[in-house]
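A.B. asks: Spelled out, the chains give:
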Amino acid sequence: MTERVSATRRDLVRLRLGLLGLTVVVLALSVWSFAATQSVLGTVRNQTAPAVLDVASARAALMQAHSAAVSSFVHQGAQLVGPGEQYTTDLAVAQQDLARAAGDNAAGPTGSAELQLIAGLLATYSDWMSQAGAHYPDPLYQTDLWYAARSLYGDDQTLAHLNTLADSQRQELDRQLSEGWLNPLTVLTWALPSLALLALLGYTQRYLWRKFGRRFNPGLLGATVLLLALMAATSTGLVLAGRAHAATAALTTYVTSSDRQSDAVSANAQHDLIELVNLGCSGGCGATVPKTPPSEALTTAAPSPAAAAAASAEFDAATDLDWLLVVIPVLALGIAALALVGLQPRIDEYRYRS
Amino acid sequence: MKLPTILLAAVVLASALTGCGPSTAELTVLGPWTGAEEQTFRAVFHDFETSNHITINYTGTPAVNEVLQADVQKGQPPDVAIVASPGELARYAAAGQLRTISGLDASAYSQQWRTLLNLGSHDNTYAVPVKADLKSIVWFNAKTSPGLRLSNWSELLDYTAKGAPNTWCLGMEAYSTSGWPGTDWIEDLLLHQSGPTAYNLWADGGLSWKSTEVEAAWHAWGQLLAAQGQQAVRSAALLTYFGDASKQMFAPRNRCLLEHQGSFAPGSYPPSASYDFFPFPSLNPAVGPKTFEVSVNLAGLFTDNPLARDFMTYLASGPAQAVWPAQQGSRAYSVNRTVLDAGVYKDSVSKAIGNALTTANVLCLDASDVMPAEMADAFSRAVLEYLGDPSRLDTILDGLDNVRRGLANPPTLSACG
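Quick note, the sequences are listed as chains Y and C, same order. Position 345 of the first sequence, counting from 1, maps to 345 under the numbering used here, and the rest follow consecutively. Remember, the numbering used here sits 354 above the position in the second sequence when you count from 1.
Hints listed in this document are in silico derivations from the structure and should not be mistaken for laboratory results. Beta carbons are placed, not taken as given, at the ideal position from N, Cα and C, and that holds for glycine. Honestly, I wouldn't trust all of these hints.
[Unchecked claim] Pair ranges (Cβ atoms, derived):
#1 Y:Ala307 - C:Thr657: 50 to 60 Å
#2 Y:Ala246 - C:Ser626: 48 to 58 Å
#3 C:Lys516 - Y:Ala160: 33 to 43 Å
#4 C:Ala518 - Y:Leu80: 39 to 49 Å
#5 Y:Ala134 - C:Gln585: 33 to 43 Å
#6 C:Gly621 - Y:Ala246: 43 to 53 Å
#7 Y:Ala134 - C:Thr566: 24 to 34 Å
#8 C:Asp477 - Y:Pro290: 53 to 63 Å
#9 Y:Asp167 - C:Gln585: 23 to 33 Å
#10 Y:Ala134 - C:Thr657: 19 to 29 Å
#11 C:Ile408 - Y:Leu17: 18 to 28 Å
#12 Y:Thr43 - C:Gln393: 45 to 55 Å
[As the list claims (entries may be wrong)] Pairs of lysine-lysine residues, derived as DSS-like cross-links and limited to a Cα-Cα distance of at most 30 Å, are as follows:
#13 C:Lys428 - C:Lys601
#14 C:Lys516 - Y:Lys291
#15 C:Lys497 - C:Lys644
#16 C:Lys516 - C:Lys428
#17 C:Lys601 - Y:Lys291
#18 C:Lys700 - C:Lys644
[Said to hold, decoys possible] Cβ-to-Cβ under 10 Å is the rule here; a few derived chain C residues that face chain Y:
#19 Leu593
#20 Asp598
#21 Pro643
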């Protein structure tokens, strides 16, 4: 009799140890997983997504600036204002966007190097544009204007590096949303111990039923309910990741639309510039200046700033459940407490019997 | 477990966690090469890394001068920096920020190069050449003009007039440095008309832009341009990218015949092109043959790190110098004689360039690479202004002289060796 009593007590102690131990593991991994997911999403919201927007905005502003400058020279407003006020404003906007992109830069040293290079190339561009303004109406202004355009569109020049920078920021955004704690497989790190705890709670419930003939232990039942609530709370990380993916899709749509529109503005400016240069050199234009391309109607409208704001708001929505970081430990403590409440009287009972 | 064992285990664990294990030696190197050129440069120093069990942290940037200046001002220079402007290195040497180097194999470098590597000092070596380009040469299509040689100025003028308006492949556009192909013309004309002494003095800021020698060089270029044609030739030159001008030598239509360009020019030619070169002719019998302008990437030592010193010796050695020229399709050349002797150059054109770089009687650094950046920039702009309106030459040269006078006294660097 004493041996059977002592074996049951030993089992109960082991079950208590298992339940408490697994609860600690579940607590640690759930908090870690949720906090890490929140941290990544916070980085995406505060840095990576804004950097993507900054670069797209800089590109659009730069194309607008170039278009305004070309227009000023083509329509001879340069006589009084050089490249013009609109050019100056748009160029300043582009430079501010790039400064913000440098602050938000998520693409590491590669992004920093690109940003440094682009800053230098923009200085070259604005320098040639200033020269064009200074030379106007001397025919040499056309050469300066052409050089400015070449420093934008030439191989390995400003636009190429802006595109490289935009690609690297986008790749970083995609990487952050698909790797590390946002990789769906990382769910297993907290889900497996939680399922193990769930199974142990069920086993303990069954053990107590067999040993003591009581179908349900209210303490363990409560712990099971709390565990299910904890699993639900932790799995909201997946919901938040889903929101971040939706926000990224909205961001991509906005950026693609913005790039398409700035490409159209840019193509029209190039058309006007090449026509101007070809008129100036009248046949002796050399091997680099192309024949005037056909004019294109500007059919693409600029995307609404509201679309960018909507994408940003979706990123905000992906990080608005911070309070769950408090709820998860409270639930875990509740599980531990209820497991003790459920088991301790039985253990005490056996201590009394032995 | 005894206490000492526990303490030992704790120390080992702490070391592992804090990363305080034995560190690998590192060298920092700054240079101008990125992309494919960076990979080739990495191949140059790979053997040094493996044989010395060190890591070289190479940073490549087109803005190498600006980055180097910022690093030096912060007191955190790289161990070694490689620049294309000997004038920049000379300014660091004069300011005591560049270390002298030793161990250069004198027999592998001609006296001319040993002088140039002193960067203006009498007997201290301050730089190691990583790769060089030969200038003062004229390229032509060897298929249409086999064996072409124009050995004096009048022959060059006659040939230009006969081939007008397509004799010279002219392109001045080069993005931020537009105008430099024209500066090479002025430099070559000055060197081959007034000689290395005048060239040296002018490059170093000691000769006025309004001097007879410098004005004569501009006038000679104007004479050549006029022989090719008038306004249309100059307009086309201004609007053409120098690499596109190169390609015109092998174009099906409006093919040009000659190109005044450095030894890197064939890099722009079609792969199947057949080409050759002849030295830029002398305009003055007093200027001897085998007088060339060169451009060079120089490595300078900025710290007292012994490994960096070893690295400089390695860079100057024959095996390291041979790596870049030996690459498939490479247009890089070494000024180390052992590279030429080892048969690294496979075709006759490359051998001739390698030979000129190592055995020339007079070698002068590209003056634009010696001048302070402001002067070199103004020089490039002056070329563009001149092509726009040659009648403004007086005003243009006045402007250049104003820039020259406004510069702080630059260190004296011998541009010719």
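A.B. asks: Confirm or reject each hint.
C.D. replies: Hints versus structure:
| no. | hint | verdict |
| --- | --- | --- |
| 1 | Y:Ala307 - C:Thr657: 50 to 60 Å | holds (52 Å) |
| 2 | Y:Ala246 - C:Ser626: 48 to 58 Å | holds (54 Å) |
| 3 | C:Lys516 - Y:Ala160: 33 to 43 Å | holds (41 Å) |
| 4 | C:Ala518 - Y:Leu80: 39 to 49 Å | holds (40 Å) |
| 5 | Y:Ala134 - C:Gln585: 33 to 43 Å | violated (21 Å) |
| 6 | C:Gly621 - Y:Ala246: 43 to 53 Å | holds (49 Å) |
| 7 | Y:Ala134 - C:Thr566: 24 to 34 Å | holds (31 Å) |
| 8 | C:Asp477 - Y:Pro290: 53 to 63 Å | holds (55 Å) |
| 9 | Y:Asp167 - C:Gln585: 23 to 33 Å | violated (43 Å) |
| 10 | Y:Ala134 - C:Thr657: 19 to 29 Å | violated (43 Å) |
| 11 | C:Ile408 - Y:Leu17: 18 to 28 Å | violated (53 Å) |
| 12 | Y:Thr43 - C:Gln393: 45 to 55 Å | violated (32 Å) |
| 13 | C:Lys428 - C:Lys601 | violated (44 Å) |
| 14 | C:Lys516 - Y:Lys291 | holds (28 Å) |
| 15 | C:Lys497 - C:Lys644 | holds (25 Å) |
| 16 | C:Lys516 - C:Lys428 | violated (58 Å) |
| 17 | C:Lys601 - Y:Lys291 | holds (18 Å) |
| 18 | C:Lys700 - C:Lys644 | holds (22 Å) |
| 19 | Leu593 | holds (5 Å) |
| 20 | Asp598 | holds (4 Å) |
| 21 | Pro643 | violated (33 Å) |
Hint violations for this structure: numbers 5, 9, 10, 11, 12, 13, 16 and 21, all remaining hints satisfied.
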